[in-house]
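S.K.: Protein chains in written order, with numbering that gives the first Met the number 0: chain A, 0 to 437; chain B, 0 to 89.
No lab work stands behind these hints, which were simulated from the structure alone. A virtual CB, placed ideally from N, CA and C, is assigned to each residue, including glycine. Errors might be hidden in some of the hints.
[To be verified] Label pairs and their calculated CB-CB ranges:
1. B:Leu88 to A:Gly320: 21 to 31 Å
2. B:Asp61 to A:Thr269: 20 to 30 Å
3. A:Glu364 to B:Tyr34: 37 to 47 Å
4. B:Ala57 to A:Asp372: 51 to 61 Å
5. B:Glu53 to A:Lys224: 39 to 49 Å
Here are the chains, one letter per residue:
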Amino acid sequence: MKVGDLKSVNEKYQMFSAFTSEADVDAKFIFSAKDNLTSKDFETKAGSRILEGYYPPFDATPIAKLRAAGGFLSGKTNMDEFGFGTFSANSAFGIPRNPFDLERSCGGSSGGSACAAAVFEDHVSLGVSTGGSIVCPASFCGVYGLAPSYGRVSRYGLIDYGNSLDKVGLLSFDASDLRKYLPIIAGKDPHDPTSMTQPELELGKNKLKSVAIPKQAMEGEGISKGVMECFDSSIETLKGLGVDVEYVDMPTLKYSIPAYYVIATSEASTNLARYCGMRYGHQDGDYTLKFDDYFTSFRSQYFGDEAKRRILLGTFTRMVGYADRYYNKALQVRGAIINDYKKQFERFDAVVTPTMPFISPRFDEISKMSALDSYKADFLTVPPNITGMPHLSVPCGYSEGMPVGLLFTSDHWNEDVLIDAAERWDRAFTVKHAEVGL
Amino acid sequence: MDREIVERVARIAHLDLTEEELDKYSADLGEILEYFEMLDEAPGVENRGFNPVEIADALREDEPSMEIPSEDCLKDMKTYDGYVRGPRLS
């Protein structure tokens, strides 16, 4: 589908939280961006009511770079509030619908970006990943999703979820877009010190010759039969491409979920302290209230359910008396998981698993999941994210008519391995378009 | 997690929870923290930094600069006499 009448498209899929139907005929390409990246011209809410009415005076660096390269920003994509979710069902502004089945989720938290990448031709979307928020929706919507190394793409203008975890990346139907757009958005940015120590991006130095499959990830609970069949078939395809495959032990992976959620919510709870009825979004408070009561009134009224849950969890895990058991321990465990990956990268170019353990669930199934059920669903996407390693989801099969993703993780800064993998995979596997009709 | 602890945490986090929310988050956080107990037995590495990759300080020259004019930053903020407006301190 060409970008045209976005209003009717958006009514059907709810992928945008804000968009323009105006077209720039001089634009070299059209892109969209997750709504936790600040942008001039568009209200920026990050899926949260507390930011309603916020019109940033500046573009986030990745948006500025794409615009400078001739790109036209067509809209801001819908997402879980501040990135807090696996299904994009935690947005205050509508829930994106999966183009393969409108009763199912696009995945999260970059669900709107994955939906836009699946529905529009010649379209690339900027997503953001903290614990799997690019590859999860890429998997559920049947598109390519690349989360670069932590620090590869500037976070200037990104509305923080977890500072030590957030990564800006790309979603597209076309594998060739990754090589085209990653060099544009990557690079050092003095506005983001964590981007300043990165080595130069070299696409072409390393290729995918061997992969490791962690036994512990595959033996974990909950990988569905349909996903396993697609995964097994994908491994045969990889072997056919001349890639060596070996099963390995990675014993620390099972600690990824608790370590990740402790670090992520600890960081989130401090980042969200800034939303208090001053400076951004809603500021229509009662100035007769006392300091603490004024702040509390906004936060209680405008934060959503999952945001409150994560603020509570993160505040608790770094409180005096609990920080050593949770936050400090989680940082140490992250180090052990990084070492586990590094050991594999001495012998292999990438680690592979399915991206998500099941196909996209229906919304009625999601509503029955507990918070912990939802967190545990991330057990395949959280390991590369907590380690800051670049990772890629490619569409690798279809189960019950829904897309399944294959997840590649490479060593820090080796995005070239993933781009090589995506391009070779794209020549070996026929990716299906969702049947889009209005 | 005990309701009393949830109430204490909520107060620190500037959240005013309803009785229903207190019950719900108390149950949810109890279940989540029980699952997190596996961290007690997890192997760890000493002296890990706060970031997953090595980060070095990157400081600019100590010279005044203003990339975004202050009036642009203030345009959507509630202000009083050019200052950001907030609640009283006492």
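S.K.: Against the structure, test the hints numbered earlier, and report the numbers of the ones violated in rising order.
M.R.: 3, 4
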